[in-house]
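Add chain B with the ligands to chain A, keeping to what the hints say.
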Amino acid sequence: MSEVIIKGLKKVYDNKVTAVHDVNLHIADKEFIVLVGPSGCGKSTTLRMVAGLEDISGGELYIDGKLCNNVAPKDRDIAMVFQSYALYPHMSVYENLAFALKLRKVPKDEIDKKVREVAEILGITQYLERKPKALSGGQRQRVAIGRAMVRDPKVFLMDEPLSNLDAKLRNQMRAEIIKLRARINTTFMYVTHDQTEAMTLADRIVIMKDGYVNQIGTPQDLFNKPVNLFVAGFIGMPVMNFFDGCKLLLEDGKYYAEIRGVKFELDEFQQKALKQNGQQPCNIIAGIRPQHVTVGEGQLSATIEVSEMMGSEYNIHARSGDDEVVMVIPTVDLHTDVSMGKTVQFNTKPALIQLFDKESGNNLIWYDKESADADAPVCKVYQF
Amino acid sequence: MKTKMKTGPFIIIMVIAIIIAIYTLMPFILVVVNVFKSAKGEFGIANDPVGLKGASFAQLGDNLSRVINNSNFSFWSAFGTSALITIICLVLLAVFGGMAAWVICRNKTKWSTAIYMVFIASMIIPFQVVMLPLISTFRDVGNFVGLKLLQSIPGIVFAYLGFGGAMTVFILTGMVKTVPYDLEEAASIDGCSYEGIYFRIIFPLLKPSIVTVTILNGMWIWNDYLLPSLMLGQNGKVKTLPVAVQAFVGSYVKQWDLILTAALLAMIPMIIIFLIAQKQIMSGMVEGAVK
Ligand SMILES: Nc1ncnc2c1ncn2[C@@H]1O[C@H](COP(=O)(O)OP(=O)(O)O)[C@@H](O)[C@H]1O
Ligand SMILES: [Mg+2]
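Respectively, the protein sequence lines represent chains A and B.
So that you can map any letter, position 38 of the first sequence is 38 in our numbering, and since no number is skipped, the others follow by simple counting.
Position in the second sequence (first residue = 1) + 384 = our numbering.
Bound conformation, chain B alone:
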């Protein structure tokens, strides 16, 4: 039974909620408002970042074409790099994360417990603590072993698998526990090999949790700035979208119109995915919170 809230408290809560919503959305609103404006002029972004005067679709078109055609920014290449890195990471995290979770869950030995503990422990360590040693280690590997990990897509994918693996395995292990072991035995009698059991039985049954971790990892990897900026750098050939936006940020001149337009372009795929998969994301978050 739902108890109906009294009108007074309801209004107060709604007002607070709306204020919090606006507060959270402010950066996004600023982006959306200002992509319609030019950088300079009386009503330009620099002088009037919140007003709607001076906003026009013509200006938006102009901003878009300047961003997309900018040779320093090279939008399509950055977009492609971001998409490639994100997709590869998501697929590998889902497949290997599921495998790791399955094996950890089903082989209860001292070793598997220890490995699981290491996964959990690694979630506690903040990224900022390990980022500088990580970069220098990667550089050493490049110098001495000849494996190019910096400024390369395989390198950053490798790093993301490490940073994303812990949470993925953590969430998926919880899910594997809910799959009855009988199913695997039945499958092995029906004719499945060991790999067959994973891909035909376990992986499909992990689907709800796979969707959850894919969305969480996807939002993080697509939007991430710090790791790619350290690993790929400003001057390399390979850049992700958030890193490429830096092209418009000079030491003295900040081209706000282009920065914001590029930021909007970077956001659009995530916004579309969010709108499509809204229900899944919400239930995924709740699930993650409960488990």
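With the rest of the complex left out, here is chain A:
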């Protein structure tokens, strides 16, 4: 059992910068948690507080049931993979892998067995005698992961471990981490700014902005039920289409979303949720994922500016009034001419429209007052 419980974790740096406000997180044993968010949002700071590399300014950290706020990193039984790999340059790969075990006074033959076993798994056996300098980026990455693996740590921490690799290697290593995870079978905390990595690796994603946690949930949850504009915009490729100047209407006890003058009668579950909240008609920003747009029929129209044939799908950039609309249309569903300059009709299912309050930026359906951080700054429009 090695669950990690984080209660009201807070970090204020010396220069009075509050990098992390009140993070609450309950990581189950053997869970793979990914912290994701734009650069500077406090992901690394959070991870480093768990590692013990930064002092905790407030809140509590429990690892395996033990309060660890003031426990030295070496006594937390955690392992960490750094973005820079941080391999010891004066030691061979073998010595790098064996270092932590040697410090723990593990018998020599046991160290040897463990190091060779891990090297075998990672495919670095033939490099054991080399110095890190003589390895490629991908090989160094493996050594860095191996160094953490030999320890059988309670918690496996990784801070952007793939961001120094080129795109191809990154995809390859991502797949390897998924495979590794099945073998290592421990609790993971993984930091990345790349939503694709987060979506593919995580059991649950913690999405942060400006030091606040915005949402915690499975990749599907974050994709389908984003609590605010920021989460909606950050998760998903291409980015969700946002239509400003829309309205939520209430007529004869039924809610409608009005997008560019076109009324969509909302789905059953949306009706129910809005009713429960006693939602009044208001100004909204409507969000529609590019994958949820259909072309050919519908009352909304747009002029195609760029049309990219990707093989199985078309990526279409179109202009609809002031808004740019991105559409991802499977080739098999496409019966309309989408060449450049054409004006097309497009549509979507009302159930797939996300409704964001214009004032607060929160999702009218999915934002949960109970679980959300009330102090978090209002996120009105998502920007990169």
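If you're looking for bench data, these hints aren't it; they were derived computationally from the structure.
Worth double-checking, as some hints may not be accurate.
Which residues of chain A face chain B? A few of them, derived with a C-beta cut under 7 Å, are [unchecked claim]:
| hint | residue |
| --- | --- |
| 1 | L53 |
| 2 | P73 |
| 3 | M80 |
| 4 | F82 |
| 5 | S84 |
| 6 | A86 |
| 7 | H90 |
| 8 | F99 |
| 9 | A100 |
| 10 | L103 |
| 11 | R104 |
| 12 | K108 |
A quick note: this is a predicted structure, and the numbers were derived from the prediction, not measured.
Glycine is no exception: its CB is placed at the ideal position from the N, C-alpha and C atoms.
For chain B with the ligands alone, kept in the frame of chain A given last:
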């Protein structure tokens, strides 16, 4: 691409270089030539210090045995003292210099910056300015506190640590800056204590610079005459080689054959080390110059 120099200028430069080399080597050549000769006689050192007539290996053997067996000079004791002082100083300077550099570099506070500035400032002050106050302070410490700093090995080691510390810390601080901080964090997660991080990670990574400062400090401490002559004196029991050579220098009679032979003996260890570590020394000097 190397551009090839024209023959004319090349010859001129070579000639100048050779002249400078001979000029620099002259004292050394004089020593080497004259250890083969006796002090007196027609071709002796006193009458003919540059000629090779009168030089013989038999004379060298004779000179050597007289120097080594001279009871005033007591070669082995002086050699041992020099070696002991040099080695202790080099080890302590390397270990503590590295520590100081590490802490100064990693704890960026007002205090650490101030301490670093003091180190740098102390390099600017010439030794001759502080030597007399230093000796009288050391004497006072001996008289009033009872700590024997003059005429003792710990005393002179203490003084060398002070005089050698500045340059050592200066060079090593430059090196610590090149060690990524990540490595220390990784080590602390892997299980290193604070001291462990220094001895297992930082110190090994400082090695190239440690070699440089050790060679520079070693040449200086081994050859140094002024400080030991002031601190150890002529009449004390503890003498380093350069100081002990004074035994052959009387007010009226200078035994040149013995002085030069003793000087040669004193030089030999440094020459051997230089020949072995030539490449290291050169790159160390260049490194020091660039940084
Ligand atoms: N050592 C530090 N001292 C002061 N501020 C820091 C320090 N490290 C990070 N910060 C600040 O804290 C915030 C969060 O940083 P970080 O956790 O590294 O972000 P991320 O990893 O999400 O990109 C940033 O605004 C950054 O400028
Ligand atoms: Mg970071």
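Verification of the supplied hints:
Contact between L53(A) and chain B, as hinted, is supported at the beta carbon level, the nearest pair being about 5 Å apart and thus within 7 Å. Because the smallest distance between the Cβ of P73(A) and any Cβ of chain B comes to about 5 Å, under 7 Å, the interface hint for this residue holds. Checking M80(A) against chain B by beta carbon gives a least distance of about 5 Å; that is within 7 Å, so the hint holds. With a least beta-carbon distance of about 5 Å to chain B, the hint placing F82(A) at the interface is held under the 7 Å criterion.
Residue-level restraint check for S84(A) holds (minimum Cβ-Cβ distance to chain B is 5 Å; threshold 7 Å). At about 4 Å, the closest approach between the beta carbon of A86(A) and any beta carbon in chain B falls short of 7 Å, and the interface hint on this residue holds. Checking H90(A) against chain B: minimum C-beta separation of about 5 Å stays under 7 Å; hint holds. About 5 Å separates the beta-carbon of F99(A) from the nearest beta-carbon of chain B, less than 7 Å, and the hint is met.
About 4 Å separates the beta-carbon of A100(A) from the nearest beta-carbon of chain B, less than 7 Å, and the hint is met. Interface restraint check for L103(A): the shortest CB-CB distance to chain B comes to about 4 Å, inside 7 Å, so the restraint holds. A cut of 7 Å between beta carbons decides the hint on R104(A): the least distance to chain B is about 6 Å, and the hint holds. The beta carbon of K108(A) is not positioned within 7 Å of any beta carbon in chain B (closest approach about 16 Å), and the interface hint is therefore violated.
When held up to the earlier numbered hints, the structure conflicts with hint 12 and nothing else.
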